[in-house]
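Asks: Sequence:
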Amino acid sequence: MAHVVVVGGGISGLAAAHRLTRAGVGVTLLEASDQLGGLGTFFEREGRTIERFYHCVMPSDEHLLPLLDELGLADSLTWAPTYMGMVVEGERHPFNTALDLLRFTPLTFLQRIRFGLVSVLLRFLGRGRDLDNLRIEDWLRRLYGEVIWERIFSPMMGSKFGAKFGDVPALYIWQRLGREKNVAVRGYPSGGYESIIDALRAAIEAGGGTVRTGAPVAALAAGADGVTVDLASGERITADWAISTLPLPTLRAVADAALAPALPTVQLAYQGVVNVLFFLRRGLDGHYWAPVLHSGTDFDGVIEMSALTGTVDGLHLAYAMHYCDRTGELYRTDPEEIARRWTAQLLATYPDVLTADDVVDVRVFTAPFVEPVYPLGYAATKPAAEVPGTRLLLATTAQIYPEVTSWNSSTGLSHRVVDGLLTRLAADTPARV
Numbered sequence: 001m002a003h004v005v006v007v008g009g010g011i012s013g014l015a016a017a018h019r020l021t022r023a024g025v026g027v028t029l030l031e032a033s034d035q036l037g038g039l040g041t042f043f044e045r046e047g048r049t050i051e052r053f054y055h056c057v058m059p060s061d062e063h064l065l066p067l068l069d070e071l072g073l074a075d076s077l078t079w080a081p082t083y084m085g086m087v088v089e090g091e092r093h094p095f096n097t098a099l100d101l102l103r104f105t106p107l108t109f110l111q112r113i114r115f116g117l118v119s120v121l122l123r124f125l126g127r128g129r130d131l132d133n134l135r136i137e138d139w140l141r142r143l144y145g146e147v148i149w150e151r152i153f154s155p156m157m158g159s160k161f162g163a164k165f166g167d168v169p170a171l172y173i174w175q176r177l178g179r180e181k182n183v184a185v186r187g188y189p190s191g192g193y194e195s196i197i198d199a200l201r202a203a204i205e206a207g208g209g210t211v212r213t214g215a216p217v218a219a220l221a222a223g224a225d226g227v228t229v230d231l232a233s234g235e236r237i238t239a240d241w242a243i244s245t246l247p248l249p250t251l252r253a254v255a256d257a258a259l260a261p262a263l264p265t266v267q268l269a270y271q272g273v274v275n276v277l278f279f280l281r282r283g284l285d286g287h288y289w290a291p292v293l294h295s296g297t298d299f300d301g302v303i304e305m306s307a308l309t310g311t312v313d314g315l316h317l318a319y320a321m322h323y324c325d326r327t328g329e330l331y332r333t334d335p336e337e338i339a340r341r342w343t344a345q346l347l348a349t350y351p352d353v354l355t356a357d358d359v360v361d362v363r364v365f366t367a368p369f370v371e372p373v374y375p376l377g378y379a380a381t382k383p384a385a386e387v388p389g390t391r392l393l394l395a396t397t398a399q400i401y402p403e404v405t406s407w408n409s410s411t412g413l414s415h416r417v418v419d420g421l422l423t424r425l426a427a428d429t430p431a432r433v
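Residue numbers for the sequence shown, in full-length UniProt numbering: 1 to 433.
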């Protein structure tokens, strides 16, 4: 039986290991931290486990939903209507219906009409276009006009991708509309995302796989005959194949001298995130998602998680976030300072809803590699799954494009990589006589 080492215990690694064990392949999954789940990790507060970062399931999640069904978790999903808001120059607006758009005062009446018409037709307008080689700024500015771009889309794209947001391929936004075509309804598992992580681990181990946390990789070697993984503890693991789900910069840091030249040469910038979780005595506006634009805040959006999941021990949970470079000033700012500053900004954004006494607790979390910043023409340079001349396979966010980075797209990518490996293993296995 072949033995595969999966490096990384986020959803990509877990989904890959699960699919391999279901196919009867021996698996060892290695996770550097003490928790599985990647961005789905959690912390404990007063006996409750709470996710560090926000998540939801979309009705269009064609890869994640079947996985949940395999794990027996499909019936644990609770689906609920969700609503969007928009905060512009400190003023809060609902942003869901045609009537909301007609009342959206940051734009003139004619601009509101243009916004609505273009948004309805955007999927159609992108068909047959080489959106991979068209700057998102050029496309949206031409379709929506100068004012709508500057007031709405420029700050939204800038908050997601940083200084080079205008150069991101238009294919990104077009593809995103595909996943979010039914944003009026979202789902969430009753046991939280921890239940998905626990179910995946249990299934992997039940299938004969090994799952190890607290096992950082110090060095990785891969050739035509197999792979060798050296752990920071000094332990060495050999295997027939390896699947790396690490961000490319992290993989390059552990690749040995012979493997490094074979790795993808594409140089991607990555956006990290600063994520602040507020425990509140009161809810906000009931808007699951509200971009915050031109409002003098460090954060660029608010997720009112309790609008989807309900309260936790009577408290409302709201996340505020800012995507940024992991080497930037905000990312390196002291968490206590971020908590103090962002609390004041949240109170200023919702002055008719919250007082300081309503803020019960504040937690600050960061993640260094959340979203690659894709360059123009990336579809032609996107790394392949197999590293040439080796038995190392890649299943990273650098390969998800043009899909939107999510648990759904990561699951789909891992399944494709594993299916390719299973085909290879089947071809290499001599037929029984």
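Be a bit skeptical, because a hint or two may be false.
[Stated by the list, open to error] With a Cα cut of at most 16 Å, we get these calculated EDC-like pairs of lysine to aspartate or glutamate: (1) K382 <-> E403; (2) K164 <-> D325; (3) K164 <-> E371; (4) K164 <-> D198; (5) K160 <-> E146; (6) K160 <-> D325; (7) K160 <-> E137; (8) K160 <-> D300.
[As the list claims (entries may be wrong)] Label-pair restraints from in silico Cβ distances: (9) E336 <-> A253: 43 to 53 Å; (10) A202 <-> V312: 23 to 33 Å; (11) T213 <-> A356: 30 to 40 Å; (12) A257 <-> T355: 30 to 40 Å; (13) R282 <-> E337: 20 to 30 Å.
Hints listed in this document are in silico derivations from the structure and should not be mistaken for laboratory results.
For glycine and all other residues, C-beta sits at the position ideal for the given N, C-alpha and C.
Asks: Now tell me, hint by hint, if it's right for this structure.
Replies: Hint by hint, here is what the structure shows:
no., hint, result
1, K382 <-> E403, "12 Å, holds"
2, K164 <-> D325, "12 Å, holds"
3, K164 <-> E371, "13 Å, holds"
4, K164 <-> D198, "38 Å, violated"
5, K160 <-> E146, "20 Å, violated"
6, K160 <-> D325, "11 Å, holds"
7, K160 <-> E137, "13 Å, holds"
8, K160 <-> D300, "9 Å, holds"
9, E336 <-> A253: 43 to 53 Å, "30 Å, violated"
10, A202 <-> V312: 23 to 33 Å, "25 Å, holds"
11, T213 <-> A356: 30 to 40 Å, "39 Å, holds"
12, A257 <-> T355: 30 to 40 Å, "59 Å, violated"
13, R282 <-> E337: 20 to 30 Å, "25 Å, holds"
This entry does not satisfy hints 4, 5, 9 and 12, going by the numbered hints stated previously.
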